[in-house]
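Q: In case you want the letters, here they are:
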Amino acid sequence: MRPGDTQPSAADAASSGPSRRRFLAAGAAAGAGAFAAGATGVALDRAGALHGSPTPTDHAGANGQRVVPFYGEHQAGVTARPGAFASFVALDLKRGVGRERLAAWMRLITDDAARLTQGSAALADVEPELAGTPAGLTVTVGFGSGFVTRARGQKPEWLAPLPAFTVDKLLDEWSGGDALFIVSADEPGTVAHALRMILKDSRSFATMRWRQDGFRRAYGSDPHGMTMRNMFGQVDGTANFRPGTADFDTAVWARPDAPSWLQGGTSFVLRRIGMDLDTWDAVDRVGRENTIGRRLDNGAPLTGTHEHDVLDLDAVDAHGLPVISSVAHARRAHVADPAKSMVRLGYNYEERSPAGSEALSRTGLLFGAWQANVTEQFVPIQRSLDEADLLNVWTTPVGSAVFAIPPGCREGGYLGQALLEG
Amino acid sequence: MFAMSRAALAAAKVPTRAALVAAIALTLAACSGGSSTSSDADSLTATDAWAKAADSGMTAAFGEISNTSDHDITIVSAVSSSATMVELHEVVDDVMRPVEGGFAIPAGGTLMLQPGGLHIMFMGVTTPIAAGDDVQVTLTLGDDSQFTLTAVAKDFSGANESYDGNANMDPGEGMDMSADPSMSPSATMGG
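Line by line, the protein sequences are chains Z and Y. So the first sequence is residues 1 to 422, counted in this note's numbering. So the second sequence is residues 1 to 191, counted in this note's numbering.
Because the hints were derived from the structure by calculation, they are not lab data. Every residue, glycine too, gets a C-beta built ideally from N, C-alpha and C. A few of these clues could be false.
[What the hints assert, rightly or not] One-sided and incomplete, this derived list gives chain Y residues near chain Z with beta-carbon spacing under 8 Å:
#	residue
1	48
2	50
3	98
Using the sequences plus the hints, can you model the full thing?
A: Below you can see the structure in the form of structure tokens.
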């Protein structure tokens, strides 16, 4: 019913007019327009511009109506351009929620995601107007070890906590979880609304374990496709394969040895990595570039000039020392073989420092990684970094979680169906 | 649009025996009038059907029901295996009450069933309706044909309008524990 209407009669409700969704949207637009224009007595046009206003509406880069298709072989969030904002939420299953109830949950979540990502309100959405700006919304679902146990499904051997690393200072509050939702869009209100809808439809099944919110460059602030920067100022994620390439497919999609329900899916590791900006402040630019092995201005390897130039790990300087340090992050993380690489999904986070702390902020990176096999890809790279990486001086992993990412679904199906009905 | 299509697909059009007899009689008797043999149920489609999850007591189902025919169709009554009694309700002044004569859907029109408005009221939920469950409701139409729709249950905090005393229901039952019909400001009987 239209906002403001309180007593719909049978005659109001049974009309030959437009669908309820359009009805709601039109009512909202009319209501907002009436409110905004009420003071001056002028009308708004469809784009929201005030007629006669001296300030023109800024449409440059407007992308609120951008829609990422939901249905497909793979979950869209794995291959879509990451939204400027993301919420990563892990949940723990309630007692007694078994295989059948998991299927009911996934049907609800799939329906919510299918509607919201296309810019439509979810069923029983009490803030339907917030759904009208999808801004590239994606909703990605992951299953932790506990979920697969309850589903009585075959578990990939890597679906377990990562092996301990010496750099880790993991906290329970940022680790583990039976299920994962990644909600991402270029509009933070859209992320908040979609996540709330999904959490409302999760109340009967699970409780929140942790939530981690992150940001990348705001849409429009840089040309499409530019690699993000982390809060150390480094270009972050240069080595990522592009979706749709053979290398991406090799690195990401589950291999034939994975359980059949995971074919078309992948795995996701989320590490919460604290970055000590206050001690990093003391490092000069040469030190910063040597730490990473890349230039700060454009992310090029210290042996190259452009961001995507290949690392020359054999190059030496006039003193015979390696140009890219033997303990530089880029060298230690470098893997040539796509089958042993990961595709990273990074988001910055920044929060206030703990009460009483001298630190100016609690800042870091939500280091997400897609890979076909955690044991064969993520773990060896993390081991290499754990053994030696200059960056470890200023970074500390404080959270860690591993999830299986089921394949996408067709219209009429639901996420996780092969696991829950297989 | 998974639940929508699921509901639409599940919306079966089952003419009752009486309706079939009536339709045959009509066909035989009213050839001059050019009456169609299709039942009202054949002309309805349900989309976005959902119900409020409830362990017991009262709850309600919502959604859109469209009439694709060229004549008005009336939903006369409703039944569901999930509740001992199902009624067609409206909400007036935050109080819900049965709609006399049922729900009319104009030719080519759509009936909106939503919290705070018209809804299909369940009284005496027989087995808990959990989030994600499918709830079936069978509507009997003006021509006595029947239309069954499937509503997916969702956890929902709203739709707590108090019930305006129907003699057939337990006055202690509410749509949730916070809805106490005895606190209803209205003293008049519904319907």
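Q: Look at each hint and say if it fits the structure.
A: Hints versus structure:
1. The beta carbon of residue 48 (chain Y) is positioned within 8 Å of a beta carbon in chain Z (closest approach about 6 Å), and the interface hint is therefore held.
2. Interface hint at residue 50 (chain Y): satisfied, since its Cβ lies 5 Å from the closest Cβ of chain Z, which is below the 8 Å cut-off.
3. Because the smallest distance between the Cβ of residue 98 (chain Y) and any Cβ of chain Z comes to about 12 Å, over 8 Å, the interface hint for this residue is violated.
Checked against the numbered hints above, the structure breaks only hint 3 and satisfies the rest.
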